[in-house]
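**Q** Between the sequences and the hints, there should be enough to build the whole structure, so can you do that?
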Amino acid sequence: MQAPIRVLIAKVGLDGHDRGVKVVARILRDAGMDVIYTGLHRSSEDVVNAAIQEDVDVIGVSMLSGAHMTHFPRILNLLKEKDATDIIVIGGGVIPDADAVALKSMGIADLFLQDTPPDTIVNSVRALVEARGQR
Amino acid sequence: MIPSLELIPGVLAGRQRDVARLITRAEAGDHECRPAMTELYRHTGKAHIIGITGVPGSGKSTLVKSLTIAARHAGRRIGIVAIDPSSPFSGGAIMGDRIRMNELSGDPNVFIRSMATRGSLGGLCRAALDAVDVLDAAGYELVIIETVGVGQDEVEVVRASHSTLVVSAPGLGDDIQAIKAGILEIADIHVVSKCDKPDAQRTIADLKTMLMLDMPRDPNWMPPVVGTSGETGKGIDELLKTIQTHHDYLHSSGRIQDRLRMIAESRILKTAEELVRQRFVRHRADSFTDQVTQRQLSPYQAAQRLLGE
Ligand code: B12
Ligand SMILES: Nc1nc2c(ncn2[C@@H]2O[C@H](COP(=O)(O)OP(=O)(O)O)[C@@H](O)[C@H]2O)c(=O)[nH]1
Ligand SMILES: [Mg+2]
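These protein sequences, in sequence, are chains A and B. Here the first sequence is numbered in the working numbering, starting from 1 and rising by one per residue. Here the second sequence is numbered in the working numbering, starting from 1 and rising by one per residue.
Hints listed in this document are in silico derivations from the structure and should not be mistaken for laboratory results. Honestly, I wouldn't trust all of these hints.
Unchecked claim - Label-pair distances were calculated between CB atoms; the ranges are:
hint: 1; chain 1: A; residue 1: Asn77; chain 2: B; residue 2: Val276; range: 43 to 49 Å
hint: 2; chain 1: A; residue 1: Asn123; chain 2: B; residue 2: Glu39; range: 37 to 43 Å
hint: 3; chain 1: A; residue 1: Leu113; chain 2: B; residue 2: Asp199; range: 28 to 34 Å
hint: 4; chain 1: A; residue 1: Gln134; chain 2: B; residue 2: Val276; range: 23 to 29 Å
hint: 5; chain 1: B; residue 1: Asp107; chain 2: A; residue 2: Gln134; range: 26 to 32 Å
hint: 6; chain 1: A; residue 1: Asp115; chain 2: B; residue 2: Ala28; range: 34 to 40 Å
Where a beta carbon is used, it is the ideal one built from N, C-alpha and C, also for glycine.
**A** In structure tokens form, the structure reads like this:
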């Protein structure tokens, strides 16, 4: 039996825009994935702790507040500290192109900006998990 | 891939990554994991298992959070399995119980795991009970199961827990329904949540009246009614004490043995059901389905063959 892909969907910091994150949660659920949503205003530490207990394949962070250059690197560092770099980190929201390039070079696996079609997100998550392989 | 058996030492030492990984493996139900779960089972049986049920929105997740904070003050380690429904269409799930439990984040002595029902008829899946085993073996002294709170799983949670808490909330209008669903009989402890609300006293009074009319599940244990509030913290310490009193009662009266047998029976049945289901998936290519469709075999005959009878 194929176990469903597990994804933790998170909002970090003061960012209160949660429409997108709820849309993404539903898209992934409708693709058969187990989605854990942790709610608004979490810290990067909260997100990484939850991801480890939930043993998720993917952390997906939605950032529309402009604080992406702070939170994404912090999450990547915490995962390194906790020896959990097998967890894939992706993101979406409002992120300028130059920042997106920088974030990807730091280790964010993929970023999805406004009006990304559902299939693009689903296919990318599946491909990333497949490429990582069993763990 | 690290073999599941090699995760056991880490689980017994309470290493969160190993605990989390073994739960994932157990949930998937692969062959590979079975020897590990068998080895693990020898290390279980220490935790007090608390089942919490009540309709969606009654305040279960909030209660789990408050109760856990109080139990942490008392120095106990707490494991939580929070269950949410899978979508019958896609098989996926959105699990949001953690939203209410964020205060517990970062405490190494609290472990929260979200789990989907995955089409399990009763709501409480075999995997949830395996997760309880993993948390028990990892040294969590209280293991709390938060159920979905619909359908059959009120009854199922009784067959999984040492102490069952039924949560009612004022203003949900579920007091009358509670009788219909037979939920009164299953509670070892009744919790009326949201007691910061004005109509809570009436819900408590209504519940107490109904309980007087009802035969308790155990004539020597009258299920107490405890009012709590996640907002003000009211009643939480009392509830924790009441849970301890129930635990002590089960042990001093010997009733714990009945519970343990009931849990064991239910575990065997659930696991057997899943093995049958897995076998069905493997056999689906076989002609059983066609033959039943074409009336060459009855469903009964096909089932017997599936079981190798
Ligand atoms: C609706 C909206 C609001 C609503 C939010 C309602 C809510 N509950 O979500 C309200 C009115 C409350 C609001 C308030 C504010 N907003 Co506003 N808001 C918007 C707006 C117009 C649309 C956002 C939206 O909901 N889009 C629809 C969803 C479905 O799209 P999405 O979130 O982009 O998600 C898609 C993709 O990005 C991707 N995705 C997103 N997250 C993730 C995560 C993962 C894991 C994946 C895989 C994919 C993914 O998938 C989705 C589907 O394609 C944007 C403008 C814009 N063009 O984005 C401004 C915008 C985000 N807001 C902005 C601002 C400044 C604010 C305020 C500070 C304004 C103020 N001064 O009060 C406040 C802050 C509120 C707060 N506490 O954070 C700015 C942010 C500027 C920045 N980043 O530098 C924006 C960009 C407007 C602008 N151009 O200035 N806002
Ligand atoms: N006023 C008040 N609201 C509460 C209390 N506990 C929970 N709630 C609210 O009730 C709703 C459902 O709570 P939740 O814990 O998620 O319920 P569950 O679905 O049974 O797990 C949320 O909006 C909570 O904020 C409480 O003690 N007092
Ligand atoms: Mg809940």
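**Q** If a hint holds in the structure, say so; if it does not, say that too.
**A** Right, here's what the structure says about each hint:
1. Asn77(A) to Val276(B): 43 to 49 Å: 47 Å, holds
2. Asn123(A) to Glu39(B): 37 to 43 Å: Cβ of asparagine 123(A) to Cβ of glutamate 39(B): about 39 Å, so the range 37 to 43 Å holds.
3. Leu113(A) to Asp199(B): 28 to 34 Å: 47 Å, violated
4. Gln134(A) to Val276(B): 23 to 29 Å: 27 Å, holds
5. Asp107(B) to Gln134(A): 26 to 32 Å: 30 Å, holds
6. Asp115(A) to Ala28(B): 34 to 40 Å: 35 Å, holds
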